[in-house]
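Place chain B on chain A using the hints.
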Amino acid sequence: MVRMNSVVIVGYGGYVPRYRIKSEEIARIWGRDRSELPVEEKAVAGLDEDTITMAVEAARIAIKRAGISPSRIGAVHVGTESKPYAVKPSGTIVAEAIGAAPRVTAADFEFACKAGTEALQFITSLVDAGRIEYGLAIGADTAQGRPGDALEFTAACGAAAFIIGRNKNEGIAEIEAWTSYVTDTPDFWRREYERYPHHTARFTGDPAYFHHIVNSVKNLLENDGYTLNDIDYAVFHQPNVRFPLVAARLLGIDLEKTKFGMVVGHIGNTYAASSLLGLVKVLDQARPGQRILLASFGSGAGSDSYIIRVLEGIESKRSLAPTLDKFIERKTYIDYAIYAKHRKKILM
Amino acid sequence: MYVAGVGLTKIDEHWWTSLEYLMTEASLKALDDSGISRVESIYVGSMLSPILQEQSHLGALLAEELGLSGIPAIGVEAASASGAAAVYAGAREIESGRANAVLVVGVDKMSDGMSEEVTAAMMSSERQEYVGFIGATFYSINALIYSLYMDRYNVGQEKIALFPVLCHEHAVNALHAQYPFKIKLETVLNSPYISEPLRRFETTAIADGAAALILVNEETAKKLDVPKTELIIEASTDYLTPFQREDPLWFPAIQLATSKALSRAKLERQDIKILELYDSTSIIAIISLESSGFAERGKAWQLLERGELGLSGALPCNTFGGLKARGHPAGATAVYQIAELHLQLTHRAGKNQVDSAETGLAQSLGGVASTAFTTILKEV
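So the protein sequences, as listed, match chains A and B. Take the first sequence: its position 173, counted from the start at 1, is 173 in the working numbering, and no numbers get skipped. Take the second sequence: its position 188, counted from the start at 1, is 188 in the working numbering, and no numbers get skipped.
Just chain A, same shape as in the assembly (with noise of 0.2 Å):
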């Protein structure tokens, strides 16, 4: 895992769907608990709205923001567990939709959580390597949440996409380095034909969220002569409030730095597009210079870490689209009916 050489952000977007549910609600239903509720409500996607729909809403505003044809778009490629076909990329219909097809690259990528920050690994390896001009790497998902499970009032939907490209004259951010850490360790998964992933609790923490996120930006860090004085942003994987904060501290990082990118407690966990709005969040509000650490999550298990230096571009390009706190702000609430109407729960 090593530096970049040149890859740069050169439009990016995030897309939430309208509906919220209140956690309250949700435990109103399942006779749980209000203290300790992870978090105040999150987002559902309408009876319309799927993984693509929302991957091709955050596309077209990195499009906006890039300001480039979308022809010249080589590779599409969406990190998502909600699937809409387990049969037939995502990527080809996003890539059609958006009028990147047909000389382009599409394919899904699925890592739980880390999808999409997956999908960015390999649209940077393929514009660093000259492959392509310019390359769409998206997180989405509409997340299964198993009803009165702990994850119900987390599990949301979202979609996070960046284009990027090689010229750091037209860049918002430049991808200066990242890394992975993985190993197989079965903390939350869904077998083929299962409608809801299973989760194993408190083993979810420390030995997968935790441990694979501390590595991960350790080696980042270590390996590319980093050091946390270098950060101005720190942005994890989001799953509930809580843990983005316990990683902080365990690295070492200023709390502070990590509240700029924190969407979860609105909007929930959107899971491949999770790690990716917090990114958004702070590219609506970073000033050039500023460095962002990136460290996202995906069950079964790994950590994706990056660090992302923004560009001077970044003050002209940002206002060309609408903020992710636009989407985060627009909101209309639903009851648990019509919410389980929404995400399919109601079988006949």
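The set of hints was computed from the structure by calculation and includes no laboratory data. Treat the hints with care, since some could be wrong.
[Stated by the list, open to error] Pair by pair, the computed Cβ-Cβ distance ranges are: (1) Y333(A) x N173(B): 48 to 56 Å; (2) E54(B) x P322(A): 28 to 36 Å; (3) R191(A) x E308(B): 55 to 63 Å; (4) S147(B) x Y333(A): 34 to 42 Å; (5) Q302(B) x V182(A): 54 to 62 Å; (6) R28(A) x S147(B): 56 to 64 Å; (7) H198(A) x V226(B): 47 to 55 Å.
[Stated by the list, open to error] Under the rule of at most 30 Å between Cα atoms (straight-line distance), these lysine-lysine pairs were calculated in the DSSO-like manner: (8) K260(B) x K259(A); (9) K159(B) x K222(B); (10) K378(B) x K260(B); (11) K64(A) x K341(A); (12) K260(B) x K184(B); (13) K259(A) x K378(B); (14) K159(B) x K273(B); (15) K331(A) x K345(A); (16) K218(A) x K10(B).
[Unchecked claim] Chain A is faced by these chain B residues, among others (derived, beta-carbon under 10 Å): (17) E13; (18) W15; (19) W16; (20) S18; (21) S111; (22) S115; (23) E116; (24) A120; (25) L189; (26) N190; (27) Y193; (28) I272.
Ideal Cβ positions, reconstructed from N, Cα and C, are used throughout, including at glycine.
Same frame as chain A, but now just chain B:
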């Protein structure tokens, strides 16, 4: 009969370690501590391993791990008092003259199960056919007793919840404790209900651990130049379901086991200087104090409030944090209790040292005091 060595593992959620490793580690530490490398038999107490690890046969397994295959090695079970049952079995073998040195181990690894699995497994200490099948849990049974107690004696929860606060204070400097930090009474009282009125911080958490003792006879003890204590252990039983007893707020098994042990040790209650209570819940600790005669019925909370159970009090209790703060790895716990008394009486308790102690008493319970072991250790 003497304890000539102890070995403890830290109590924690040991994600990276197996049950086999934990019990082997504790055994090797105990053997090291005693200076002997061979024992004549092994007793392993574990409550949950056949369920959570699907592993029985821990006796032969441990013998294999220790390179002692060939000697008799037996698993012993008495629900959450399994560790004490193993001590009892080992002690009787020494006392009967059949062995010079015995290894006794208590082990359980609760983190190998989801909390629902562990709660169900813990119910194996109750009558499945009469009580388990209706969906009761250990917590709900305790909750009923708790309500009854507060009602009959007009004692508020804030008095009883002082017990876990005391335990946490004592755990602060305990190296092997699961939760070595203080907690406030408000934190206990504001923690969510596990089963009303029992709050989460009035009961124990999922814990993994193993503790081991080396028991030797008089002759062997004389040859060993290591710290030793004399051990006496007695046992008693009662109906599994507290509501079938004459009084659910009285534990006759504790009363009997304690009387028998004191009598055999030729001691009175006032001779006991350190107490290890089995606080699987706060209310059990309170009733245990009363049933073993250290407090009057309905008044145990006064000892707490007056600070008599603190390290510098008249009767230091749960000096390394007890079940709540040191931790409660089910079948292993009783061996931790006895090992901790041993550390106290051999003056190796570090910052938790109670100087004046010459005798200690540990109560180990299976279920809601359906099995009670009382172990007395004397300084030698």
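We went through each hint and held it up to the structure:
no.	hint	in the structure
1	Y333(A) x N173(B): 48 to 56 Å	holds (51 Å)
2	E54(B) x P322(A): 28 to 36 Å	violated (55 Å)
3	R191(A) x E308(B): 55 to 63 Å	holds (57 Å)
4	S147(B) x Y333(A): 34 to 42 Å	holds (39 Å)
5	Q302(B) x V182(A): 54 to 62 Å	holds (58 Å)
6	R28(A) x S147(B): 56 to 64 Å	violated (26 Å)
7	H198(A) x V226(B): 47 to 55 Å	holds (49 Å)
8	K260(B) x K259(A)	violated (62 Å)
9	K159(B) x K222(B)	violated (47 Å)
10	K378(B) x K260(B)	holds (16 Å)
11	K64(A) x K341(A)	violated (33 Å)
12	K260(B) x K184(B)	violated (37 Å)
13	K259(A) x K378(B)	violated (57 Å)
14	K159(B) x K273(B)	holds (23 Å)
15	K331(A) x K345(A)	holds (22 Å)
16	K218(A) x K10(B)	holds (27 Å)
17	E13	holds (6 Å)
18	W15	holds (4 Å)
19	W16	holds (7 Å)
20	S18	violated (14 Å)
21	S111	holds (7 Å)
22	S115	holds (6 Å)
23	E116	holds (9 Å)
24	A120	violated (14 Å)
25	L189	violated (13 Å)
26	N190	holds (8 Å)
27	Y193	holds (8 Å)
28	I272	violated (38 Å)
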